[in-house]
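Enquirer: Listed below are the residues making up each chain.
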Amino acid sequence: DGGITQSPKYLFRKEGQNVTLSCEQNLNHDAMYWYRQDPGQGLRLIYYSQIVNDFQKGDIAEGYSVSREKKESFPLTVTSAQKNPTAFYLCASSIDRGGGALAKNIQYFGAGTRLSVL
Amino acid sequence: DAKTTQPPSMDCAEGRAANLPCNHSTISGNEYVYWYRQIHSQGPQYIIHGLKNNETNEMASLIITEDRKSSTLILPHATLRDTAVYYCIVRVSERAAGNKLTFGGGTRVLVKP
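Protein sequences, first through last, are from chains X and V. Residue 117 in this note's numbering sits at position 117 of the first sequence; the count goes up by one each step and never skips. Residue 80 in this note's numbering sits at position 80 of the second sequence; the count goes up by one each step and never skips.
Okay, chain V solo, but in the shape it has when bound (with noise of 0.2 Å):
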């Protein structure tokens, strides 16, 4: 799996969009992105993930550059609730056996009111 770096941290205003960002120069052709996040003292949550075209669900965009190489998660409107840990993970697809996660340091996201 490509590795990622993320900010240690970022702070947000609440109802303000946030944007964290997560390079991936290593990606390979069959690696997705995923976006975790993990609200303290509790279980990490999925987000969203996508391979090159622009992604958006309930909760986030996920928007992917062109060379694949980075990618930048969008809360829209961030809530107090949206304080935590968010996780960049880049991974094949499919996996001979197991299908570990690594949560690498992740971006601590502190929303403001």
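Isolated chain X (complex conformation) (with noise of 0.2 Å):
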């Protein structure tokens, strides 16, 4: 079946810890997103990418960090300057160039990861 994959479900960092989450589609899609989700609220966009070895930051991308080497992995790092890292993460995907522009806003998530601090 063709989606978005994250990884692992459930995740958890101690202090001063890096931690890296998964994310991999095979739509072909070119465009990839990290959204953060805080408790009964809305999502944030932390980092995108629009094509490969390119990603720009999103509204709240300090502590984190991103590589994108290839199409199909657009993986984040929460790093240990992220004080308050508790949150369920959201990876996205969307077709960008040749799909329209109206197909631009149709982005496809991933399950999440919820990533608690013990």
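Just so you know, not all the hints are guaranteed correct.
Taking CB as the label site, the calculated pair distances span [said to hold, decoys possible]:
{"no.": "1", "chain 1": "X", "residue 1": "117", "chain 2": "V", "residue 2": "72", "range": "36 to 44 Å"}
{"no.": "2", "chain 1": "X", "residue 1": "41", "chain 2": "V", "residue 2": "63", "range": "25 to 33 Å"}
{"no.": "3", "chain 1": "V", "residue 1": "26", "chain 2": "X", "residue 2": "116", "range": "36 to 44 Å"}
{"no.": "4", "chain 1": "V", "residue 1": "58", "chain 2": "X", "residue 2": "26", "range": "16 to 24 Å"}
{"no.": "5", "chain 1": "V", "residue 1": "29", "chain 2": "X", "residue 2": "14", "range": "50 to 58 Å"}
The list that follows gives simulated cross-link-like pairs (lysine-lysine, DSBU-like), each with its CA atoms no further than 35 Å apart [to be verified]:
{"no.": "6", "chain 1": "V", "residue 1": "52", "chain 2": "X", "residue 2": "57"}
{"no.": "7", "chain 1": "X", "residue 1": "14", "chain 2": "X", "residue 2": "57"}
{"no.": "8", "chain 1": "X", "residue 1": "9", "chain 2": "X", "residue 2": "70"}
{"no.": "9", "chain 1": "X", "residue 1": "9", "chain 2": "V", "residue 2": "112"}
{"no.": "10", "chain 1": "X", "residue 1": "14", "chain 2": "X", "residue 2": "71"}
{"no.": "11", "chain 1": "V", "residue 1": "52", "chain 2": "V", "residue 2": "3"}
{"no.": "12", "chain 1": "X", "residue 1": "70", "chain 2": "X", "residue 2": "14"}
{"no.": "13", "chain 1": "V", "residue 1": "3", "chain 2": "X", "residue 2": "83"}
{"no.": "14", "chain 1": "X", "residue 1": "9", "chain 2": "V", "residue 2": "100"}
{"no.": "15", "chain 1": "X", "residue 1": "9", "chain 2": "X", "residue 2": "83"}
{"no.": "16", "chain 1": "V", "residue 1": "112", "chain 2": "V", "residue 2": "3"}
{"no.": "17", "chain 1": "X", "residue 1": "14", "chain 2": "X", "residue 2": "83"}
{"no.": "18", "chain 1": "X", "residue 1": "57", "chain 2": "X", "residue 2": "9"}
{"no.": "19", "chain 1": "X", "residue 1": "14", "chain 2": "V", "residue 2": "100"}
{"no.": "20", "chain 1": "V", "residue 1": "100", "chain 2": "X", "residue 2": "83"}
{"no.": "21", "chain 1": "V", "residue 1": "69", "chain 2": "V", "residue 2": "100"}
{"no.": "22", "chain 1": "V", "residue 1": "52", "chain 2": "V", "residue 2": "100"}
{"no.": "23", "chain 1": "X", "residue 1": "57", "chain 2": "V", "residue 2": "69"}
{"no.": "24", "chain 1": "X", "residue 1": "71", "chain 2": "V", "residue 2": "3"}
{"no.": "25", "chain 1": "X", "residue 1": "57", "chain 2": "X", "residue 2": "70"}
{"no.": "26", "chain 1": "V", "residue 1": "100", "chain 2": "X", "residue 2": "70"}
{"no.": "27", "chain 1": "X", "residue 1": "83", "chain 2": "X", "residue 2": "71"}
{"no.": "28", "chain 1": "V", "residue 1": "100", "chain 2": "X", "residue 2": "57"}
{"no.": "29", "chain 1": "V", "residue 1": "3", "chain 2": "V", "residue 2": "100"}
{"no.": "30", "chain 1": "X", "residue 1": "57", "chain 2": "X", "residue 2": "83"}
{"no.": "31", "chain 1": "V", "residue 1": "52", "chain 2": "V", "residue 2": "112"}
{"no.": "32", "chain 1": "V", "residue 1": "100", "chain 2": "V", "residue 2": "112"}
{"no.": "33", "chain 1": "V", "residue 1": "52", "chain 2": "V", "residue 2": "69"}
{"no.": "34", "chain 1": "X", "residue 1": "83", "chain 2": "X", "residue 2": "70"}
{"no.": "35", "chain 1": "X", "residue 1": "57", "chain 2": "V", "residue 2": "3"}
{"no.": "36", "chain 1": "X", "residue 1": "57", "chain 2": "X", "residue 2": "71"}
{"no.": "37", "chain 1": "X", "residue 1": "9", "chain 2": "X", "residue 2": "71"}
{"no.": "38", "chain 1": "V", "residue 1": "3", "chain 2": "V", "residue 2": "69"}
{"no.": "39", "chain 1": "X", "residue 1": "9", "chain 2": "V", "residue 2": "3"}
{"no.": "40", "chain 1": "X", "residue 1": "71", "chain 2": "V", "residue 2": "100"}
What the hints contain is simulated information worked out from the structure, not anything from laboratory work. Glycine included, C-beta positions come from ideal geometry on N, C-alpha and C.
Hints given; two lone chains; assemble the complex.
Expert: Given below as structure tokens:
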């Protein structure tokens, strides 16, 4: 089945530790995104990438880092600089080039990773 | 992107139609209305979008008023699996850089047996 796979489903971070959240898609989408969701809140954009080897900061990039070495993969690292990392992290992808203007706004989401601090 | 206003919550009886309103009085001519939903502890799911004509797909119908200041998402026969938070998003079809989706508070829909 085509889709977006996030792993792990649950993750625990110790103080001072970096952790990496995986996001893989087999939809052949150009653009990928990372959002953070706090309890009872909407989604906030952390980073996005419209093409391999390029990515841009979103609204809350501090304390996070990403890479986009392959079209299918967009891992997110939560660094020790992120002092309040406990949240639900969602990865998404969308057609960018060649999909038409409206398709850019149809984002497909993974099942999410729930990160907690020990 | 235009701001949207949705009721925080609503209940619906299983098997009945669920009508979810959204106000977007500041919408501009090149902005589309998109609907997503998020079932508890899952990622959001795209439902439908429209500009000014009514739209229907296998999941729902979207009714947009003639002045485009409000819209209604209709789930024709709600099931228990439709219990979710529904988000109405208004945005232009093309962005210069990045395609951030701004999810506001949404409407928490509870479908009751």
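Enquirer: Confirm or reject each hint.
Expert: The hints, checked one at a time:
| no. | hint | in the structure |
| --- | --- | --- |
| 1 | X:117 with V:72: 36 to 44 Å | holds, 41 Å |
| 2 | X:41 with V:63: 25 to 33 Å | holds, 28 Å |
| 3 | V:26 with X:116: 36 to 44 Å | holds, 39 Å |
| 4 | V:58 with X:26: 16 to 24 Å | holds, 23 Å |
| 5 | V:29 with X:14: 50 to 58 Å | holds, 52 Å |
| 6 | V:52 with X:57 | holds, 33 Å |
| 7 | X:14 with X:57 | holds, 25 Å |
| 8 | X:9 with X:70 | holds, 22 Å |
| 9 | X:9 with V:112 | holds, 29 Å |
| 10 | X:14 with X:71 | holds, 30 Å |
| 11 | V:52 with V:3 | holds, 17 Å |
| 12 | X:70 with X:14 | holds, 29 Å |
| 13 | V:3 with X:83 | holds, 30 Å |
| 14 | X:9 with V:100 | holds, 23 Å |
| 15 | X:9 with X:83 | holds, 21 Å |
| 16 | V:112 with V:3 | holds, 30 Å |
| 17 | X:14 with X:83 | holds, 11 Å |
| 18 | X:57 with X:9 | holds, 24 Å |
| 19 | X:14 with V:100 | holds, 30 Å |
| 20 | V:100 with X:83 | holds, 24 Å |
| 21 | V:69 with V:100 | holds, 22 Å |
| 22 | V:52 with V:100 | holds, 22 Å |
| 23 | X:57 with V:69 | holds, 32 Å |
| 24 | X:71 with V:3 | holds, 33 Å |
| 25 | X:57 with X:70 | holds, 18 Å |
| 26 | V:100 with X:70 | holds, 21 Å |
| 27 | X:83 with X:71 | holds, 30 Å |
| 28 | V:100 with X:57 | holds, 11 Å |
| 29 | V:3 with V:100 | holds, 14 Å |
| 30 | X:57 with X:83 | holds, 18 Å |
| 31 | V:52 with V:112 | holds, 32 Å |
| 32 | V:100 with V:112 | holds, 33 Å |
| 33 | V:52 with V:69 | holds, 10 Å |
| 34 | X:83 with X:70 | holds, 29 Å |
| 35 | X:57 with V:3 | holds, 23 Å |
| 36 | X:57 with X:71 | holds, 18 Å |
| 37 | X:9 with X:71 | holds, 22 Å |
| 38 | V:3 with V:69 | holds, 11 Å |
| 39 | X:9 with V:3 | holds, 32 Å |
| 40 | X:71 with V:100 | holds, 19 Å |
When each numbered hint is compared with the structure, no violation occurs for any of them.
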